[in-house]
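**Student:** Using the sequences and the accompanying hints, generate a full structural model.
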Amino acid sequence: MSEEQQDREFIDAVRRDLDRTAEGLDAGIQSRLTQARYAALEPKSTSRAWFSGWSWKPATALAATACLALALSFTLNHAPVSEKGTGLEDMEVLTANDQLELYEDLEFYAWLAEEESAESYEKG
Amino acid sequence: MVFCNRTSGSGGVNDFLQSVEKRAYQMAHFATGNPEEALDVVQDAMMAFVRKYADKPEEERRPLFFTILQNRIRDWHRRQNVRNRWNAWWVGKFRTDDEDADPVQDLADPRGLTPEKALTDSATGNALHGAIRRLPLRQQQAFLLRSWEELSVAETARAMGCSEGSVKTHHSRAVQALREMLKDEWP
Numbered sequence: 013m014s015e016e017q018q019d020r021e022f023i024d025a026v027r028r029d030l031d032r033t034a035e036g037l038d039a040g041i042q043s044r045l046t047q048a049r050y051a052a053l054e055p056k057s058t059s060r061a062w063f064s065g066w067s068w069k070p071a072t073a074l075a076a077t078a079c080l081a082l083a084l085s086f087t088l089n090h091a092p093v094s095e096k097g098t099g100l101e102d103m104e105v106l107t108a109n110d111q112l113e114l115y116e117d118l119e120f121y122a123w124l125a126e127e128e129s130a131e132s133y134e135k136g
Numbered sequence: 006m007v008f009c010n011r012t013s014g015s016g017g018v019n020d021f022l023q024s025v026e027k028r029a030y031q032m033a034h035f036a037t038g039n040p041e042e043a044l045d046v047v048q049d050a051m052m053a054f055v056r057k058y059a060d061k062p063e064e065e066r067r068p069l070f071f072t073i074l075q076n077r078i079r080d081w082h083r084r085q086n087v088r089n090r091w092n093a094w095w096v097g098k099f100r101t102d103d104e105d106a107d108p109v110q111d112l113a114d115p116r117g118l119t120p121e122k123a124l125t126d127s128a129t130g131n132a133l134h135g136a137i138r139r140l141p142l143r144q145q146q147a148f149l150l151r152s153w154e155e156l157s158v159a160e161t162a163r164a165m166g167c168s169e170g171s172v173k174t175h176h177s178r179a180v181q182a183l184r185e186m187l188k189d190e191w192p
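Sequence lines, in order, name chains Y and Z. Residue numbers for the first sequence follow our numbering, so the first one is 13 and each next one is one higher. Residue numbers for the second sequence follow our numbering, so the first one is 6 and each next one is one higher.
Hints listed in this document are in silico derivations from the structure and should not be mistaken for laboratory results. Nothing false has been slipped in among the hints.
Below, a list of computed lysine to aspartate or glutamate pairs in the EDC-like style, where the Cα atoms sit at most 16 Å apart: (1) K188/Z x D19/Y; (2) K173/Z x D19/Y; (3) K61/Z x D20/Z; (4) K27/Z x E42/Z; (5) K188/Z x E15/Y; (6) K27/Z x D29/Y; (7) K27/Z x D45/Z; (8) K57/Z x E54/Y; (9) K188/Z x E21/Y; (10) K173/Z x E155/Z; (11) K27/Z x E35/Y; (12) K27/Z x D31/Y; (13) K27/Z x D38/Y; (14) K173/Z x E16/Y; (15) K27/Z x E41/Z.
**Tutor:** Have a look at this one:
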């Protein structure tokens with residue numbers, strides 16, 4: 013028997029076996045298949061398609077983008093920025109000697125201003 | 006339950022779907038290795054077929070339906086592969102005890118094929134089913150569409166989304182692989 017003929021007989025035997033298996037599916041599976049067919053043929057019953065179809069895709073994409081943006085902003089806005097800001101302010105105060113003295117004598121200048129305004133009130 | 010008028014008459018879509026649903030389920034079961042997943046794949050294919058091609062002439066229905074079914078099976082495999090890669094990434098990320106282990110090796114076969122399952126198939130006389138499951142997906146598709154569903158080479162190529170030459174190669178390799186795997190059980 014030629015190789016080709018052997019292949020053909022083998023395929024015929026496989027086909028018979030597969031046909032037998034498909035026809036002998038258990039009742040539970042057959043019932044589920046019938047339900048699936050009815051669901052597919054129902055004119056306006058698109059509940060399954062509604063869940064698995066395109067209508068959910070924009071919402072899913074939006075949610076995924078929002079999560080990604082949140083994760084990125086959390087990563088990028090981490091502690092170093094505020095520390096950096098504090099450092100700059102400190103440098104400005106430390107390098108300006110006259111301003112520092114002004115801050116230290118602020119109470120004195122406030123008292124002086126009050127005294128001057130009181131004197132001008134009494135004279136006036 | 007009220008169906009659309011496509012279901013009535015000898016050429017109705019209901020009759021057509023009824024005539025292919027068991028074989029479609031069996032094909033999806035071979036590909037996924039899971040009854041629930043197979044039922045989902047078949048139902049998706051039925052819905053897509055009714056939505057798009059219910060009005061097609063009777064002679065065009067079978068190749069169209071099996072094209073949709075094979076697309077759904079390929080989609081299922083892609084999703085499983087992506088899921089497996091994520092799982093491998095997570096497993097690899099948190100594994101600390103054995104740094105040299107390959108996380109991909111620990112993952113389940115997407116078709117649910119385990120050595121135990123293959124052994125059970127063989128022991129219960131389903132050696133053929135076990136062998137078909139073990140075929141690579143493309144060979145499995147080519148074999149089932151050509152040899153079982155008896156689609157032409159051109160129809161099979163369309164269903165699989167490849168050239169006719171590829172179909173012939175996949176089919177020939179599938180037959181050789183099956184004969185080799187079944188040489189002890191089958192004449």
